Each structure stands twice: as C-alpha cells, then as structure tokens.
Amino acid sequence: MDHQVTIDPSISFGQAAPGRYYYQAGDRPLDGITIKRAIGRGGFGEVYFAVTDAGKQIALKHITRAVEVERRGAAHCMNLKSPNLIGLFDIRSNAEGASFVLMEYVSGPTLKEYIDRHPKGLPDSEIKKLMSGLVAGVAELHSAGIVHRDLKPANVFVEDGIVKVGDYGLSKTISEIDRDHSVSVGTCHYMAPEIRSGRYDKPVDTYALGVILYEMITGRPPFEGQTAAEILMRHQFDKPNFDVIPPRYRKILIRALDKDPSKRPSDVREIARSLDQPESHTSANWQPNATEFKTGASRNDGPSTSAWNAKRLRDQLAKTIRGADAKKSPKPTQSSATDRDQTNRNRWSRRRFMPSEVVFESPPWPSDRRRARGLVRSIIWTIAGCWLLASPLGFLMMVNMSEAPNRMAFVAVISSLMTSVMLILQYDWEQWEVSTRQKRIVGMTSGGIIGVVAAGLAVWLGIEYRPEKMLNPLPDLLQSFMIAFRNGAMMTYAITGALVMAIPRWWKMLERDRPSRWSLRNLARWGLWCFVLSSFGWQSGDFSGHSSIITVVFAVTGVMVQFVSPWDAALADYAQLRRFAKRRIV
Numbered sequence: 001m002d003h004q005v006t007i008d009p010s011i012s013f014g015q016a017a018p019g020r021y022y023y024q025a026g027d028r029p030l031d032g033i034t035i036k037r038a039i040g041r042g043g044f045g046e047v048y049f050a051v052t053d054a055g056k057q058i059a060l061k062h063i064t065r066a067v068e069v070e071r072r073g074a075a076h077c078m079n080l081k082s083p084n085l086i087g088l089f090d091i092r093s094n095a096e097g098a099s100f101v102l103m104e105y106v107s108g109p110t111l112k113e114y115i116d117r118h119p120k121g122l123p124d125s126e127i128k129k130l131m132s133g134l135v136a137g138v139a140e141l142h143s144a145g146i147v148h149r150d151l152k153p154a155n156v157f158v159e160d161g162i163v164k165v166g167d168y169g170l171s172k173t174i175s176e177i178d179r180d181h182s183v184s185v186g187t188c189h190y191m192a193p194e195i196r197s198g199r200y201d202k203p204v205d206t207y208a209l210g211v212i213l214y215e216m217i218t219g220r221p222p223f224e225g226q227t228a229a230e231i232l233m234r235h236q237f238d239k240p241n242f243d244v245i246p247p248r249y250r251k252i253l254i255r256a257l258d259k260d261p262s263k264r265p266s267d268v269r270e271i272a273r274s275l276d277q278p279e280s281h282t283s284a285n286w287q288p289n290a291t292e293f294k295t296g297a298s299r300n301d302g303p304s305t306s307a308w309n310a311k312r313l314r315d316q317l318a319k320t321i322r323g324a325d326a327k328k329s330p331k332p333t334q335s336s337a338t339d340r341d342q343t344n345r346n347r348w349s350r351r352r353f354m355p356s357e358v359v360f361e362s363p364p365w366p367s368d369r370r371r372a373r374g375l376v377r378s379i380i381w382t383i384a385g386c387w388l389l390a391s392p393l394g395f396l397m398m399v400n401m402s403e404a405p406n407r408m409a410f411v412a413v414i415s416s417l418m419t420s421v422m423l424i425l426q427y428d429w430e431q432w433e434v435s436t437r438q439k440r441i442v443g444m445t446s447g448g449i450i451g452v453v454a455a456g457l458a459v460w461l462g463i464e465y466r467p468e469k470m471l472n473p474l475p476d477l478l479q480s481f482m483i484a485f486r487n488g489a490m491m492t493y494a495i496t497g498a499l500v501m502a503i504p505r506w507w508k509m510l511e512r513d514r515p516s517r518w519s520l521r522n523l524a525r526w527g528l529w530c531f532v533l534s535s536f537g538w539q540s541g542d543f544s545g546h547s548s549i550i551t552v553v554f555a556v557t558g559v560m561v562q563f564v565s566p567w568d569a570a571l572a573d574y575a576q577l578r579r580f581a582k583r584r585i586v
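FYI, in our numbering the residues of the sequence shown are 1 to 586.
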C-alpha cells in the first residue's frame, strides 16, 4: 500500500544506498524541474544537473545532512550578486519533506581539477589569475558579513576564465557566530587551528585561502597525514615548510597561515594585492630546494678565519652527535610572557585526556636561550644532588658511604658526569629528528669514555679500601690511569659504560614531553638494564668488590636525570594527543 511520508526539514534526509544517487535521470523531485544527470556528492548532499520546464539549466542540490544548517547558509547568500559567486535562485521542499537548493549551473572545471593537472604547481600567471578571482569572491562574502567556513579547491569553479566560489552550506553570518560553539566545521586540510575549539570568523577563510595558495604553488597542501585527526593536530602545532615556496609568495603565506588569527591579514584582498607586486631580483634567482639565494654580488665582510674555524668545528661536532641524516624538527617557539606563564603552569602534573578529546591549545616550545639556561641550571642541580644522594642511596643498597668518603666522592663524581653527559646529548637532540641507531652509537662512545674516567678515578681514590686501611699516599692521577689500564679495570669499566649508555633507551627519561616528570617504571627499567649489563663484567677477577659501588652510581644517575631534566606539562599533553591521533581515535 502506497503512503506518503513527511519528513521534518530540521532533520537529515536519508542518502541513497552506497555508490548510488537518490535520484536518477528523468526524475522530477520538484514541480517543473527534471533531473538530467548526477554531478557529484559531498558531505551534506548530492548535486544534479537539471533543467526547468522553461529550458533553463540549473544545478539542483539535494540536502541529505544538516538540513537546517544548509538551508540557513543558502538563505544568507540568496541575494548576493557577484561574478565571482555562484548565484542562488531558490530554496524549496517537495511533498516528502526533502530540501533542495536551486543554483547557477557552472559547466567549467573545479580548482581542484586545475591543481590535479599540475602536480608540481600551477604556473605563476595561472596562480595570479585564479587567486585574484577567488579572493574577490570571498571578499564579497565578507563585505556582506558572511564567513564561508568551507573554502577548498573542490568548492571553487572556473568557467570561461572566471572564478566562482560555491557551496555556501557551511556559511554563517558573522553576527550569528557563537564563539563558544563546540561543533567543528570545514575540511581538515583547509581548517584553521582555532575552528577545533569552536572559534571562527573571517580569519578562518583567510587561513583556508593561504592553504589553497600553498597548494596551487606546490601541488599539495601544507599538511598531510594518515588520519583526519593527525592532519588537524598538524594544523594546530606544526609549521609549514616554507623552504619550497618562492620568496615572492613566502611573506604573504607566512602571515595567512599564522596560528594566531589576529596576525593574519585583516582583509583577504591583501593576498591578491601581494601577488600584483613586482618580482624582486632575489625572487627571480630563486630555485626550489636551494640553500641560498643567488644575488650575483660578492661579500667581503665575513667573520674572521679563527671564528669561522671554530664555528666549522662546532658544526662538525654537532653533525657527528646528531648524524648526517638528522633533520631539524619543527616546533612552535615561545614568544611572549603569556606563553611562558602558560608553560610554567602545572609544572609537576598534567591533564588527563579522554580518548575522544582532540582540541588543545598550541604548546609553546622554549627558545634556544631559555633551553641553554635550563641546561646550565640542570647541571648545577646535578652536581649538588649527586653529592646529597650518594650516601642515602648507598645505605639503601647496603653500601656504607658514611665511613668511606672516598667511595661517596667516586659515586658523586661519576654519577654527576654521566647525568651531565645525558643532559647535554638530549639538549642537542631534542630540536632534531635523530634516529635511535645514532643515539645508541653516540651513547656507546660517551659511555666508554665515562668508563675510562671511572676506572682511573676508582684506582686513584682506592674505592676498595676503607680510609683507615689506605696506608699508602694517593698515587699520581696519571699513574692511576696506567694502573687501571694494566690490571684490566679500564677495559671492564669502559665496556660496562658503553653497554649501559647504548642499550637502554635512557633518553626517554629526559624527554621534555615525556608523560610525567617521575616514572617508577622508567627508573625500574633503567635499573634492571644496568644490573643485567654490569653483572657479567664484575662477577670475576679482582674487581668484584666494585660491583656494588657501580650499582649505586647507576641508581643515583637514574634518580637525578628525572629530577633535573626539563619537563613541560603542555608539551606532555600535546604528545599524548599525538598518540591518540596515530591510534585513529577522534
């Protein structure tokens, strides 16, 4: 039995089966309109090419989701007249309650098709022409008090050389914007960072225009990822690679893609005006992936030879520590007192996020100057802390330090040396993408050197004796190293130090964005590895008495690195959210 079903236009109208459109050629969903063919399907509806009974060609959008949002957006733009905006004719509903938007039919390709034809980027002349028309259309919307909120190449059409902005389904008048809105809108590749927290205004369209311009120049958007959540996280925290952008576009793109909405151009027409500026001599000589610009002029005011050699030596040492394949890791930098205050909050604890949470403010990364000051401060705390911890930890591990100050001095010096080396290495690595293999190689070398120093110091201090039994005066320090070399202690110490610094991933205890400042699990893991790796070399020979003292050294080091190494609650939150994104949790 046939019966009519009425659907409330405030709810969604069901889509057709997957792979099929709801209407077919020849259907008449509205009086006086016949569908000829389907054009495409988006997140909010299906678009058809249709013809009225009077012979007028139109595009008919059948709204299948968020009906009220789509109807409201279309109503805002109904009376706009601009050659760079697709004209909207009417909003109608049929007897079944389905909603439709009648709009101008554009037979030309989309901007996405233009970009797909040029995977390495559009020619400069095309970029200027297309971007000028796109900016003009968006400027008309902004002048009418409307934010598009879903700008992307698939919503931009080109017909007879004229650019037309379409798909107003997500547009909203600025006066109606609720700044505490919790629903995010837009497409993830073009979504401004502030939209994820419910803030959207004209700057979100400016940001999307910057992404589109970046894609027109390079052939791909600035951020890509495996999941939508990962892409959104990159928009919030990562910095686009502007090295692949020619200098003539770089300045305006840096402004348009700024994470802070207030720093973007206040008028989108600034983007088009920047493209009209004459090309500079530097821009004319720019080449992609070039490390410097060709200016044709020679400079004779460089640094002195000694300063240049010192810088070259530092660079070579840094390259050796990081590895030849290390890349600079893009991190947001602190730039204001407000950022510093935000970083100083919750220094000893961090938020606990639910798996569904993705929204988070961009965490500031300390500047190089603040990092250097923090390193010096950590080393000072290390030296003091190791002297304070040597005796109580030795007592807990049944090694009496109170009656043997020579042993306490050995533990304090070697543990502070090992902790300081860890801090310095991590300080250099944290701004770079360094492979685990490279970290193990550098750790093994550093551990071997520390072992050599420890062997000579052990003989010099006579750690196997109590002070009252040390009848002979202390030998010469250099002679102590020779004794340690001849009796085999140096080899045993060096192997132990190399293994302990190479196999355990000790840098996890020092990372600025580790889950928490203190971790008994990390400490237990470090202690277990140290016990296993050191037990083999100290069970035989004349150095078995050194084993317990070496264990105290590793215990003091494990406690101190977690106490003195920098930790940031905001960065820890960010790292947790990155893990959520990789697990495809939204």
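Treat the hints as calculated values from the structure; they're not laboratory data.
The model shown is predicted, which means the values in this text are computed figures rather than measured ones.
Check before you lean on any hint, since a few could be wrong.
Said to hold, decoys possible - What follows is a list of derived Cβ distance ranges for each label pair:
1. I39 / E68: 17 to 25 Å
2. R377 / V244: 33 to 41 Å
3. R28 / R255: 17 to 25 Å
Each residue gets a CB set at the ideal place from its N, CA and C atoms; glycine is no exception.
To see whether the hints hold, each was checked on the structure:
1. I39 / E68: 17 to 25 Å: Hint holds: Cβ distance 23 Å, inside 17 to 25 Å.
2. R377 / V244: 33 to 41 Å: The hinted range 33 to 41 Å holds for R377 and V244, with Cβ atoms some 38 Å apart.
3. R28 / R255: 17 to 25 Å: violated (50 Å)
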